[in-house]
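Student: Sequence:
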Amino acid sequence: MNLVIFSEDLLDDILKIERESFIDTWNIEMFLGSAQNKTVIFKVLLKNKIALGYYILSTVVDEAEIISIAVSPKFRRQNLGKFMMADILKEVLQKKSKFIFLEARKSNTPALNLYKSFGFKEIGLRKNYYKDEDAVVLRLDN
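For the sequence shown, the residue numbers in the working numbering are 940 to 1081.
To be clear, the hints were calculated from the coordinates, so they are not data collected in a lab.
A portion of the hints provided could be inaccurate.
Distance condition first, Cα-Cα at most 20 Å in a straight line; then the derived EDC-like pairs of lysine to aspartate or glutamate [unchecked claim]:
(1) Lys1013 - Asp1073
(2) Lys977 - Glu959
(3) Lys988 - Asp951
(4) Lys1066 - Asp1080
(5) Lys986 - Glu947
(6) Lys1070 - Asp951
(7) Lys986 - Glu957
(8) Lys982 - Glu968
(9) Lys1045 - Asp1001
(10) Lys977 - Glu1004
(11) Lys1035 - Asp1073
(12) Lys1060 - Asp1071
(13) Lys1034 - Asp1001
(14) Lys1045 - Asp1026
(15) Lys1055 - Glu1002
(16) Lys1070 - Glu1030
(17) Lys955 - Glu968
(18) Lys1029 - Asp1073
(19) Lys1045 - Glu1030
(20) Lys1013 - Asp1001
(21) Lys1055 - Glu1030
(22) Lys982 - Glu959
(23) Lys1034 - Glu959
(24) Lys1055 - Asp1026
(25) Lys982 - Glu1004
(26) Lys1021 - Asp1001
(27) Lys1013 - Glu968
(28) Lys1055 - Asp1071
(29) Lys1034 - Glu1061
(30) Lys1029 - Asp1080
(31) Lys988 - Glu1042
(32) Lys1066 - Glu968
(33) Lys1021 - Glu947
(34) Lys1060 - Glu968
(35) Lys986 - Glu959
(36) Lys1035 - Glu968
(37) Lys977 - Glu947
Label-pair restraints from in silico Cβ distances [what the hints assert, rightly or not]:
(38) Arg1015 - Leu950: 19 to 25 Å
(39) Val999 - Asp963: 29 to 35 Å
(40) Phe1057 - Pro1012: 19 to 25 Å
All residues carry an ideal CB built from backbone N, CA and C; glycine is no exception.
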């Protein structure tokens, strides 16, 4: 199992994971735009050439934001989210970011528990961030 930098040949797998994981999904242009953004780290988790998950991390000056992280439903509950989070923290340390931010659905207890297990703290709530739900804003101080 390894994390590789996004390449367009993985796009179909990423779109499938996206559709299976989220209500408000990204389109092809959004993923390609992120991949071309110089402030973004876009990695895909592969095992035997099969995409199991991905993350998109933005780093600007001394702040980082986890824009998206997802694991295919078929491969959840195998610590793959933890594996990707550990890589995110490594990337953030290399970029010398002082803070990491992210938003998660208020009802997404597994994700919130994962983030809190890495030391993230709830710092706010974004009302109606998603079409149908509020988002919890979390921050980790490095």
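Student: Against this structure, judge whether each hint is valid.
Tutor: Do the hints match the structure? See the list:
In summary, the hint linking lysine 1013 to aspartate 1073 is not supported, as the alpha carbons are separated by about 27 Å, beyond the 20 Å threshold. Proximity of lysine 977 to glutamate 959 is assessed by CA-CA distance (about 28 Å); at most 20 Å being required, the pair is judged violated. Proposed proximity of lysine 988 and aspartate 951 is supported: the alpha carbons are some 13 Å apart, at most 20 Å. Annotation: proposed proximity of lysine 1066 to aspartate 1080 is violated, straight-line Cα distance about 23 Å (limit 20 Å).
For the hint linking lysine 986 to glutamate 947, the alpha-carbon distance of about 17 Å falls within 20 Å, and the restraint holds. Distance hint between lysine 1070 and aspartate 951 is unfulfilled; the C-alpha atoms sit about 25 Å from each other, more than 20 Å. The straight-line distance between the Cα atoms of lysine 986 and glutamate 957 is roughly 18 Å, inside the 20 Å bound, and the hint therefore holds. Proximity of lysine 982 to glutamate 968 is assessed by CA-CA distance (about 17 Å); at most 20 Å being required, the pair is judged to hold.
Note on lysine 1045 and aspartate 1001: the hinted pairing is violated, with a Cα-Cα distance of about 27 Å set against a maximum of 20 Å. This hinted pair checks out: lysine 977 and glutamate 1004 have alpha carbons roughly 14 Å apart, not beyond 20 Å. The hinted pair formed by lysine 1035 and aspartate 1073 fails the criterion: a straight-line CA distance of about 30 Å is larger than 20 Å. Of the pairs offered as hints, the one joining lysine 1060 and aspartate 1071 is violated, with about 23 Å between alpha carbons and a cut-off of 20 Å exceeded.
Under the criterion of a C-alpha separation no larger than 20 Å, the hint pairing lysine 1034 with aspartate 1001 is consistent with the structure, at around 8 Å. The straight-line distance between the Cα atoms of lysine 1045 and aspartate 1026 is roughly 24 Å, outside the 20 Å bound, and the hint therefore fails. Among the hinted pairs, lysine 1055 with glutamate 1002 is consistent with the structure: their alpha-carbon atoms are about 18 Å apart, no more than 20 Å. Our distance criterion of 20 Å between C-alpha atoms is broken by lysine 1070 and glutamate 1030, whose separation comes to about 31 Å.
A hinted pair counts as satisfied when its Cα atoms are at most 20 Å apart, and lysine 955 with glutamate 968 qualifies at roughly 15 Å. With a C-alpha separation of about 29 Å, the suggested pair lysine 1029 and aspartate 1073 falls outside the 20 Å cut-off, and the hint is violated. For the hint pairing lysine 1045 with glutamate 1030, the CA-to-CA distance comes to about 26 Å; that exceeds 20 Å, so the pair is violated. Between lysine 1013 and aspartate 1001 the CA atoms are separated by roughly 35 Å; this puts the pair beyond 20 Å, and the hint is violated.
Straight-line distance between C-alpha atoms of lysine 1055 and glutamate 1030 comes to about 19 Å, which keeps the hinted pair within the 20 Å bound. Of the pairs offered as hints, the one joining lysine 982 and glutamate 959 holds, with about 18 Å between alpha carbons and a cut-off of 20 Å not exceeded. At most 20 Å may separate the alpha-carbon atoms for a hinted pair to count; lysine 1034 and glutamate 959 exceed this at roughly 31 Å. Distance check on the hinted pair: lysine 1055 and aspartate 1026 sit about 16 Å apart at the alpha-carbon level, within 20 Å; holds.
Our distance criterion of 20 Å between C-alpha atoms is met by lysine 982 and glutamate 1004, whose separation comes to about 14 Å. Between lysine 1021 and aspartate 1001, the direct Cα distance comes to roughly 23 Å. Violation of the 20 Å bound is thereby established for this hinted pair. Taking the CA atoms of lysine 1013 and glutamate 968, the gap is about 25 Å. The hint is violated against a cut of 20 Å. Our distance criterion of 20 Å between C-alpha atoms is broken by lysine 1055 and aspartate 1071, whose separation comes to about 23 Å.
With a C-alpha separation of about 23 Å, the suggested pairing of lysine 1034 with glutamate 1061 is violated against the 20 Å cut-off. Among the hinted pairs, lysine 1029 with aspartate 1080 is consistent with the structure: their alpha-carbon atoms are about 14 Å apart, no more than 20 Å. The hinted pair formed by lysine 988 and glutamate 1042 fails the criterion: a straight-line CA distance of about 30 Å is larger than 20 Å. As the CA atoms of lysine 1066 and glutamate 968 are separated by approximately 27 Å, the hinted pair breaks the 20 Å bound.
Distance restraint check for lysine 1021 and glutamate 947: the Cα-Cα separation of roughly 25 Å exceeds the 20 Å cut-off, and the hinted pair is therefore not satisfied. Under the criterion of a C-alpha separation no larger than 20 Å, the hint pairing lysine 1060 with glutamate 968 is inconsistent with the structure, at around 32 Å. For the proposed pair lysine 986 and glutamate 959, the alpha carbon gap of about 19 Å is at most 20 Å, so the pair holds. For the proposed pair lysine 1035 and glutamate 968, the alpha carbon gap of about 29 Å is over 20 Å, so the pair is violated.
For the given pair, lysine 977 sits about 16 Å from glutamate 947 by alpha-carbon distance, which is consistent with the 20 Å threshold. Range check, arginine 1015 to leucine 950: about 21 Å between beta-carbon atoms, so the 19 to 25 Å window is met. For the hinted restraint 29 to 35 Å between valine 999 and aspartate 963, the CB-CB distance of approximately 23 Å leaves it violated. Between phenylalanine 1057 and proline 1012 the beta carbon distance is about 22 Å. The supplied range of 19 to 25 Å therefore holds.
Violation of the numbered hints given earlier is confined to hints 1, 2, 4, 6, 9, 11, 12, 14, 16, 18, 19, 20, 23, 26, 27, 28, 29, 31, 32, 33, 34, 36, 39; the remaining hints are satisfied by the structure.
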